[in-house]
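Residue numbers (this note's numbering), protein chains in the order written: chain A, 3 to 290; chain B, 3 to 416; chain C, 79 to 401.
Because the hints were derived from the structure by calculation, they are not lab data. Among the clues, some could well be false.
Unchecked claim - DSSO-like cross-link-like pairs, simulated, lysine-lysine; straight-line CA separation at most 27 Å: (1) A:K121 with B:K296; (2) B:K365 with B:K96; (3) A:K121 with B:K370; (4) B:K321 with A:K121; (5) B:K365 with A:K121; (6) B:K96 with A:K121.
Stated by the list, open to error - Derived list of chain C stretches under chain A, where covered just means 3 residues or more per stretch with a C-beta under 8 Å from a C-beta of chain A: (7) 98 to 111; (8) 136 to 145; (9) 360 to 370.
Said to hold, decoys possible - Going by beta-carbon spacing under 7 Å, a handful of chain C positions derived as facing chain A: (10) L129; (11) L159; (12) L315; (13) R356.
Predicted model, so just to flag it, every value in this text is computed and none were measured. Just so it is clear, CB atoms sit at the ideal spot from N, CA and C, and this is done for glycine as well.
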Amino acid sequence: MTLASFAFLSLNGLTLAALLFIMASGLTLAFGLMRVVNLAHGAFFMLGGYVGVAVVDRTGSLLAGLGAGMAAGLIPGVAMERLLLARVRGIELSEALLTIAIGMIIADGLLGVFGGYPKSLAVPESLRGRVDLGFVQYPGFRLGILLLAVAVGAGLGALLTWTRLGAAIRAGVDDRETAQSQGINVGALFGIVFALASVLAGAAGVVGASYLALAQDTGVRVLMLSLVVIIIGGLGSVTGAAAGAVITGFVTSFANAFIPQFALFILFAPLAMVLAVRPQGLFGRAAA
Amino acid sequence: MLRKSWIWAASLIAIAPAASGQPKAQEELRVGVIANLSGVFASSGTTMVNGVRMAVDEAGGKAGAMPIKLFIVDDEGNPELAITRLKAMDTRDKVDVIVGPVSGNIGMAAVDWAKDSGVPVVVAYSAPEDITMRKAVHNVVRAGWSGAQPMFAFGEYVAKKGMKKIVMVGQDYVFPHNQIGGFLKTFCRNGGEEVIKIWHPLNTTDFSSMLAVLPASDAIMYNGAGTDAVAFAKQLEEFGARRGRPLLGGSNFFAVGSLPAMGKTAIGGLSALQYSDALDTPQFKAFRDSYVKKYNEPPMATSEHGYVAMKMVINAVEKTGGKDRAKLIEALRKTDMPNAPRGPVKLDDYGNPIQNIYINEVKSVDGKLLNVAIAKIENVSQFGPYDAKTYLADPPDSRDFPPGKCSDPYYKKK
Amino acid sequence: MNDNRARTMLVVGAAALMLPLVADDYVLVLALRALMYSLIVMSFSLLAGELGLVSLLQSTFAGVAGYGLAILSTSYGWSALPAAAASLLLTLATAAVFGLVSLKTSGVGFMMLTIALGQMVWALAFQWIDLTRGMDGIVSIPAPEFAGLNLRDPRAMYFVTAAIVVVCFASAHVLMESRFGLLIRGIRDNAPRMRALGHPILRARLAAFLIASFYAAVGGILLTWETRVITPVALDLSRAVWVLTAAVIGGTTLLGGSVVGVVIMVTLEAVLSQYTDRHILVFGLILAFAILLLPNGVSAFVSDLWAKRRGRSRETSAVKLAR
């Protein structure tokens with residue numbers, strides 16, 4: 003393997019990791035705080051993607067598409083949390099099942115509205131070229147996704163470390179009951195975190211559509227990858243989501259190159275190893 | 003308390019008729035059409051159905067004196083669902099004949115069902131060869147082709163053009179196996195050296211890693227179609243992996259519906275099929291013009307095949323004067339259409355067409371990308387240059403058969 | 079077993095047996111599929127209702143058994159019964175491994191783990207093309223002949239299936255009424271207490287898990303003999319969610335829940351597919367409503383109605399699940 007191909011595969015891994023991180027960071031925070039796994043997360047990805055792609059097709063503006071995608075993730079996300087999940091708050095299983103139901107509705111609805119033709123994002127001409135990194139040339143748009151993920155990570159990190167809101171979220175993740183007794187409005191926090199996660203999912207859908215086609219089962223695949231990432235990284239930890247995303251991205255990238263026939267399955271190997279050795283994930287806390 | 007159980011029992015039995023479909027109507031020709039209307043090959047399925055509808059319209063909605071009623075279902079590219087829907091069309095909708103399917107894996111499953119049910123089936127586009135070879139069934143005929151049928155000529159053509167080493171990236175299922183099978187059998191016997199086969203699962207949209215380690219070769223072939231194909235073509239350019247090599251395709255790679263998305267990179271691309279986008283014959287032009295008028299886009303090969311399949315049914319019904327099953331099957335098996343849009347179509351003893359094969363090159367014609375025929379080979383059967391017995395004596399095509407290296411002893415015979 | 083339930087089961091059973099006489103082929107095949115799926119849903123309800131664990135692996139076990147049967151019958155030419163027996167063993171072995179990995183967790187964590195494991199099996203089936211033929215699926219799976227009954231005939235298949243389903247349900251019922259059932263429900267209700275009393279928690283859970291996987295495997299084998307095709311879609315998450323939906327709609331009481339839920343789902347699917355392609359959307363809506371309004375499922379809802387009329391009440395499974 004040459005240096006160029008190694009660099010290439012590593013960049014592939016990183017850019018996939020970037021996409022996964024954007025998806026998984028919100029998911030893991032929501033779980034850490036609310037003990038709810040949003041199984042409709044993949045559907046939000048699709049929703050954001052389809053809406054974003056449609057807007058880009060019509061207006062030619064990537065920014066507009068991104069905004070539309072984020073809104074498309076945000077609105078149903080907030081609606082779902084406030085109107086539906088709030089009714090079964092505390093009954094973990096009902097919450098999870100409800101997210102499954104919403105996911106089904108959204109995914110099938112999208113199929114009905116947009117049809118069965120897989121869709122991808124028409125990256126604007128100006129962003130389509132390759133960037134010369136010296137030892138390798140790599141598509142600029144994918145590097146852009148990497149930068150976006152870094153920005154998201156930095157933003158989340160800053161939020162959690164330096165703001166009161168972030169402190170409240172961390173307190174809620176650590177120990178919800180105590181946080182509540184300290185006067186933190188946990189209910190409002192739920193809404194904010196869930197909204198954040200849904201916005202990120204929508205954004206991921208738009209940029210992800212540049213190289214993953216949006217089709218019937220894309221939502222499930224992305225959800226699955228996100229679950230693998232947060233299980234590996236540890237539920238509730240954003241750092242864990244980053245670590246999990248990098249591992250997943252790299253394994254996928256290299257496996258796709260050398261054993262493409264088994265690439266999907268190989269992905270579960272790191273998951274299995276983590277579960278066997280450290281079931282709470284790399285950065286998670288031991289099960290209560 | 004017993005009342006409740008009677009309610010249960012009564013409702014269970016009452017549901018039974020409610021789930022049944024409409025009652026059998028008066029004399030009409032009920033045609034079940036099955037295709038992929040969603041998923042990786044959605045464009046092929048929808049265009050095939052367009053062709054069927056056009057044929058029905060041209061015939062005034064009637065086959066002989068009988069009105070035609072179409073039942074159109076989506077198999078979603080899933081063989082299990084396809085069988086469920088075929089069974090429903092047979093038992094619930096009481097169809098007289100099935101037109102379709104389109105994608106290869108569905109075709110193989112459908113043959114099994116056809117054998118059990120006895121319903122006449124005109125396979126519109128599915129191309130795995132065993133449908134009209136090792137698994138041939140009397141009530142199943144094809145309006146289309148077998149995967150290897152156009153590739154015999156293509157393999158010879160490519161080898162004679164001096165491209166000795168090919169790297170092939172392909173979708174890992176039975177139809178592409180057949181395609182490269184036919185290709186290799188003539189490629190290796192006409193001077194080729196090797197085809198490096200890289201298989202990937204269906205529905206792969208990210209080829210970045212594969213392209214990072216793509217071996218050197220004289221040409222690149224993508225053996226597949228649909229959204230995977232478009233993604234491959236685009237990423238080949240995006241990642242600069244093409245390195246100036248000619249791009250070859252499996253028969254559906256450069257399907258005219260995918261060309262706009264592929265863009266300039268497709269120009270000069272070579273493939274082989276029993277259809278071409280720019281044939282110079284009056285019957286083709288008439289077909290193409292009607293299709294463009296009705297659907298506002300150029301016809302794909304699948305459109306023409308759906309059209310021909312439906313015409314086969316209509317012709318057979320008119321010839322037999324009714325829809326008696328046994329007579330219908332016999333008439334279908336004797337199909338001989340010298341003026342189909344693609345050229346002459348005549349079924350062989352196994353139910354597969356003997357027809358022209360065109361070597362196509364993608365060219366820009368009046369600003370549109372089209373497959374233009376640069377060579378024509380006539381009277382090609384599913385066995386190509388081989389005779390049936392010898393061909394069938396070989397094992398069926400798989401990922402590894404025929405072998406990719408032409409130095410393999412298999413190629414020494416004949 | 080109390081009189082009422084016995085009478086109900088008898089009447090329902092009689093109705094089911096009479097079906098082949100009144101129904102045409104199409105409805106018969108639907109009823110057949112319903113019977114087979116009810117085994118899989120029963121295996122889900124057994125774990126969810128009695129053990130308190132929501133497992134999305136039940137359809138996976140059915141699929142594993144189906145694939146085992148398919149591969150042994152087609153690639154290796156095994157005859158029906160040995161292939162079925164081997165597939166059952168294969169599924170039990172898989173369940174044992176998965177059980178050991180996942181049964182240390184519970185609640186949502188357990189459910190997520192079952193989702194991940196199920197996807198792993200799906201990925202394997204999708205990609206191990208040499209063994210499973212990937213998306214092409216395995217076709218032409220031979221349907222067996224039992225004592226002169228050719229199972230390709232839907233009527234013969236129906237009687238054999240009905241008999242097997244009755245035996246399975248009856249055995250599950252007997253098991254859950256036994257001491258083992260008491261132990262399982264005890265673990266569901268108060269695991270720490272059971273542990274303190276010295277009961278082997280993990281072993282009991284594992285046993286229940288294996289038993290449930292057995293029923294699911296039987297369902298999977300019957301389904302494969304009926305459709306004679308198997309593809310990775312059988313192992314899909316959407317299939318697991320279908321099972322879940324049927325169980326939630328029907329309610330997780332053993333008999334009523336599974337059968338009621340499946341009959342509703344199959345009938346709805348058949349009726350809806352004539353008018354719209356969007357039946358999954360409808361199922362999602364129904365599932366959402368069921369969770370919000372009828373947390374105990376249809377069968378318990380109806381039972382509750384009758385019970386209220388007689389002045390009794392029942393412990394709701396929502397309370398059970400919430401523990």
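Cross-check of the supplied hints:
For the hint linking K121 (chain A) to K296 (chain B), the alpha-carbon distance of about 25 Å falls within 27 Å, and the restraint holds. With a C-alpha separation of about 46 Å, the suggested pair K365 (chain B) and K96 (chain B) falls outside the 27 Å cut-off, and the hint is violated. Of the pairs offered as hints, the one joining K121 (chain A) and K370 (chain B) holds, with about 22 Å between alpha carbons and a cut-off of 27 Å not exceeded. Proposed proximity of K321 (chain B) and K121 (chain A) is contradicted: the alpha carbons are some 44 Å apart, above 27 Å.
As the CA atoms of K365 (chain B) and K121 (chain A) are separated by approximately 25 Å, the hinted pair is consistent with the 27 Å bound. Taking the CA atoms of K96 (chain B) and K121 (chain A), the gap is near 36 Å; set against the 27 Å cutoff, the hint is violated. Check on the region 98 to 111 of chain C: 0 of its residues sit with their Cβ under 8 Å from a Cβ of chain A, so the three-residue criterion for coverage is violated. Only when three residues or more bring their CB closer than 8 Å to a CB of chain A does the claim for the region 136 to 145 of chain C stand; here the count is 0, and the claim is violated.
As drawn, the region 360 to 370 of chain C meets chain A at 7 residues by the rule of a beta-carbon pair under 8 Å; at three or more, the given contact holds. Interface restraint check: L129 (chain C) against chain A, minimum CB-CB distance 13 Å, threshold 7 Å, status violated. For L159 (chain C), the suggested interface contact is broken, since its CB lies about 31 Å from the closest CB of chain A, more than 7 Å. The interface hint given for L315 (chain C) holds, since its Cβ lies 6 Å from the closest Cβ of chain A, which is under the 7 Å cut-off.
A distance limit of 7 Å between C-beta atoms decides the matter here; for R356 (chain C) the minimum to chain A is near 5 Å, and the interface restraint holds.
In this structure, the hints that do not hold are numbers 2, 4, 6, 7, 8, 10 and 11, in rising order.
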